[in-house]
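Those sequence lines, one after another, are chains A and B.
Counting in our numbering, the first sequence runs from 1 upward without gaps.
Counting in our numbering, the second sequence runs from 1 upward without gaps.
Some hints here could point you the wrong way.
What the hints assert, rightly or not - Listed next, the in silico EDC-like pairs over lysine to aspartate or glutamate satisfying Cα-Cα at most 20 Å (straight line):
{"#": "1", "chain 1": "A", "residue 1": "K142", "chain 2": "A", "residue 2": "E42"}
{"#": "2", "chain 1": "A", "residue 1": "K142", "chain 2": "A", "residue 2": "E320"}
{"#": "3", "chain 1": "B", "residue 1": "K2", "chain 2": "B", "residue 2": "D22"}
{"#": "4", "chain 1": "A", "residue 1": "K130", "chain 2": "B", "residue 2": "D36"}
{"#": "5", "chain 1": "B", "residue 1": "K2", "chain 2": "B", "residue 2": "D37"}
{"#": "6", "chain 1": "A", "residue 1": "K130", "chain 2": "B", "residue 2": "D22"}
{"#": "7", "chain 1": "B", "residue 1": "K2", "chain 2": "B", "residue 2": "D25"}
{"#": "8", "chain 1": "A", "residue 1": "K142", "chain 2": "A", "residue 2": "E344"}
{"#": "9", "chain 1": "A", "residue 1": "K130", "chain 2": "B", "residue 2": "D27"}
{"#": "10", "chain 1": "A", "residue 1": "K130", "chain 2": "B", "residue 2": "D28"}
{"#": "11", "chain 1": "A", "residue 1": "K130", "chain 2": "A", "residue 2": "D229"}
{"#": "12", "chain 1": "B", "residue 1": "K2", "chain 2": "B", "residue 2": "D36"}
{"#": "13", "chain 1": "B", "residue 1": "K2", "chain 2": "B", "residue 2": "E44"}
{"#": "14", "chain 1": "A", "residue 1": "K130", "chain 2": "B", "residue 2": "D25"}
{"#": "15", "chain 1": "A", "residue 1": "K142", "chain 2": "A", "residue 2": "E174"}
{"#": "16", "chain 1": "A", "residue 1": "K130", "chain 2": "B", "residue 2": "E41"}
{"#": "17", "chain 1": "A", "residue 1": "K142", "chain 2": "A", "residue 2": "E180"}
{"#": "18", "chain 1": "A", "residue 1": "K130", "chain 2": "A", "residue 2": "D228"}
Unchecked claim - Derived list of chain B stretches under chain A, where covered just means 3 residues or more per stretch with a C-beta under 8 Å from a C-beta of chain A:
{"#": "19", "segment": "7 to 13"}
{"#": "20", "segment": "28 to 41"}
{"#": "21", "segment": "46 to 56"}
As the list claims (entries may be wrong) - Label pairs and their computed distance ranges (CB to CB):
{"#": "22", "chain 1": "B", "residue 1": "Q48", "chain 2": "A", "residue 2": "A220", "range": "28 to 36 Å"}
{"#": "23", "chain 1": "A", "residue 1": "Q133", "chain 2": "B", "residue 2": "D42", "range": "16 to 24 Å"}
{"#": "24", "chain 1": "B", "residue 1": "D28", "chain 2": "A", "residue 2": "A241", "range": "33 to 41 Å"}
{"#": "25", "chain 1": "B", "residue 1": "V33", "chain 2": "A", "residue 2": "A241", "range": "24 to 32 Å"}
{"#": "26", "chain 1": "B", "residue 1": "V33", "chain 2": "A", "residue 2": "G87", "range": "20 to 28 Å"}
Because the hints were derived from the structure by calculation, they are not lab data.
Where a beta carbon is used, it is the ideal one built from N, C-alpha and C, also for glycine.
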Amino acid sequence: MLRYRLDCRGFPHLEVTVSTETLPPYPFPMRSALEPPEQWAELRAQCPVAHVRLASGDSATLLTRYDDVRAVLSDPRFTRQLDAAAGAARVTANESGGVFASSADQMGVLDSRESHQQWRRLVGATFTAKRVQALAPGMLAKAEELLDGLTAADGPVDLVSAFNFPLPIWVICELLGVPESDRSSFGHWSDTMMSLSRFTQAEIDTAQADFAGYLGGLVASKRETPGDDLVSALIALVDAADPRVTEPMVIATARGLLVAGHETTANMIGKMLAMLLSDRSRWEALVADRSLVRNAVEEVLRFDANAGFGLPRFISEDLELPDSTTIPAGTTVVVSMASANRDEEAFAAADSMDLTRSPNPHLAFGAGPHSCMGQALARTELQVVLEVLLDRLPALELAVDPAMLRTREDMLVGGLVELPVRW
Amino acid sequence: MKVNVDRHACCGAGQCVMLAPDIFDQDDEGIVVLLDDRPGEDQEHALQEAVSMCPTGVIWVDRSA
Ligand code: HEM
Ligand code: SF4
Chain A
1 MLRYRLDCRG FPHLEVTVST ETLPPYPFPM RSALEPPEQW AELRAQCPVA HVRLASGDSA
61 TLLTRYDDVR AVLSDPRFTR QLDAAAGAAR VTANESGGVF ASSADQMGVL DSRESHQQWR
121 RLVGATFTAK RVQALAPGML AKAEELLDGL TAADGPVDLV SAFNFPLPIW VICELLGVPE
181 SDRSSFGHWS DTMMSLSRFT QAEIDTAQAD FAGYLGGLVA SKRETPGDDL VSALIALVDA
241 ADPRVTEPMV IATARGLLVA GHETTANMIG KMLAMLLSDR SRWEALVADR SLVRNAVEEV
301 LRFDANAGFG LPRFISEDLE LPDSTTIPAG TTVVVSMASA NRDEEAFAAA DSMDLTRSPN
361 PHLAFGAGPH SCMGQALART ELQVVLEVLL DRLPALELAV DPAMLRTRED MLVGGLVELP
421 VRW
Chain B
1 MKVNVDRHAC CGAGQCVMLA PDIFDQDDEG IVVLLDDRPG EDQEHALQEA VSMCPTGVIW
61 VDRSA
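With the rest of the complex left out, here is chain A (with noise of 0.2 Å):
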């Protein structure tokens, strides 16, 4: 308890140095699947800015609060590059420092506010709310087929990996123009690609290659002949000599996309279903009224507890928090969007779900510059799901205690390990 206080702020005259091995380690373990760490009300009520290890062993510096965590992703200056040069901690335990080191700044297309911002609008097309709102025809025919499949056989069955999975790949490859036959692989690079420490550096840096390598050939192959979707699109510009666009821009961009749209949305939607469906009256409150959908997924986004580590920024200035408090230049903040949108200071009845809420300003998507690309899309595949789920399965109920779901450990992005259901 006094090794939370000892250097927070409200209590200077405790501010004594501790080595990092006696900061508590981060992230906090759940209290089960579906119950947020007992740390974050604590944390956002005595300790809003908190020392933490990482499981690299390195230390940083816990956001906890709503506004404290706005703020620092609304700032343009702050991005996820922890540039270990600058003295930037490591968040994983191997040396890549997993997906916040690579995807697409890796290949130096964020390295800038000015190329991060340009290389949002080349792919911003792509991503439009009415572009998304036109995929949702395939969505919707993508996830009855897989649920003809799963519901071939009588139940209990498991979603995650027969339809939570396999639904967002199917997607994102839709839109990178993946062919269907090669769409099975990417699960287990993006597995390997987003693991805190599960996966040897050797096994890492194997799965990044052979990634790369398939879309490498992938691109070729979109030049030779180009179809309606975005590496096409990109592609046809770096051939015209676009200065914005560079082929390994086009091979980072698309890699960035299935590295920070698959995981996330798969496991969103089991998170989603374990919450709407360990308290049936959710359920049913859903079977009886579908308009409320769109508010529910909202408010799954924001009630989630098991959203895994936040986002770190490296804090290259000194910053001043909404309250005051600076934060020296040189840290490495983690900022908790998960803590945040439980606290009680911006939604009322925080501790509560409640599917009518609106308006729902939850941070599961980030916010400012670099919030989501793909919140959109996201938005609308975990909608379509709600929707077929409640018109083809309308008694779909958990086929275990909720208490028994078991969180993934040691990914970047929290999820279920399994989701057995029945209806």
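Since the structure of chain A is provided, determine the placement of chain B with the ligands on it from the hints.
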């Protein structure tokens, strides 16, 4: 009442278009375009939702204008 947007800071997430398609659209880079800067009262709820859920906070309503 007048709706304003800062197109320069918009991150193109399309949340406003999902929520209030009669007021907002996106151009071919995903950047917000105002379709109607003086929406009627029937749009009030959708507008408020878009204002509060815009991830970059670049939509604001001038009540005096
Ligand atoms: C429920 C599912 C999802 C969640 C919870 C989620 C969450 C997030 C968050 C919190 C960020 C902010 C990262 C930061 O600020 O450093 C982000 C960024 C991003 N997301 Fe998502 N995401 C989801 C689905 C998707 C999908 C489906 C795609 C695309 C296919 C996608 C593409 C991206 C991209 C490209 C970025 C980087 C944006 C940038 O750096 O400018 N996401 N996502
Ligand atoms: S919600 Fe905000 S950031 Fe997103 S497109 Fe609309 S104005 Fe731009």
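| field | Hint check for A241/A and D28/B - Cβ pair distance inside 33 to 41 Å | value | Hint violated: Cβ distance 20 Å, outside 33 to 41 Å.
| message | Can you confirm whether chain A covers the segment 46 to 56 of chain B, using C-beta to C-beta distances below 8 Å and requiring at least three such residues? | response | holds (count 6)
| task | Evaluate the given range 28 to 36 Å for the C-beta pair formed by Q48/B and A220/A. | result | For Q48/B and A220/A the Cβ distance comes to about 49 Å; the hint is violated.
| said: Between the alpha carbons of K130/A and D228/A, is the straight-line distance 20 Å or under? | reply: Distance ~16 Å between K130/A and D228/A Cα, so the pair holds.
| Pair hint outcome, K2/B versus D36/B [Cα-Cα no greater than 20 Å] | 9 Å, holds
| said: K130/A and E41/B were given as a pair; does the straight-line alpha-carbon distance stay at or below 20 Å? | reply: Roughly 24 Å between the alpha carbons, so the hint for K130/A and E41/B is violated.
| query | With a Cβ-Cβ cutoff of 8 Å, does the segment 7 to 13 of chain B contain at least three residues near chain A? | reply | holds (count 4)
| Given pair status - D37/B, K2/B, alpha carbons within 20 Å | Given that 20 Å is the threshold and the Cα spacing comes to 6 Å, the pair holds.
| query | Going straight from one Cα to the other, do K130/A and D28/B come out at no more than 20 Å? | reply | OK: K130/A and D28/B at ~11 Å, within 20 Å.
| message | What's the verdict on K142/A and E320/A, does the C-alpha distance respect the 20 Å limit or exceed it? | response | 47 Å, violated
| said: Between the alpha carbons of K142/A and E344/A, is the straight-line distance 20 Å or under? | reply: The hint is violated at about 39 Å.
| request: Determine whether the Cβ-Cβ distance between V33/B and G87/A falls within the hinted range of 20 to 28 Å. | output: Given about 42 Å between the Cβ atoms, the range is violated.
Comparing the model with each earlier hint shows violations of hints 1, 2, 8, 16, 22, 24 and 26; every other hint is respected.
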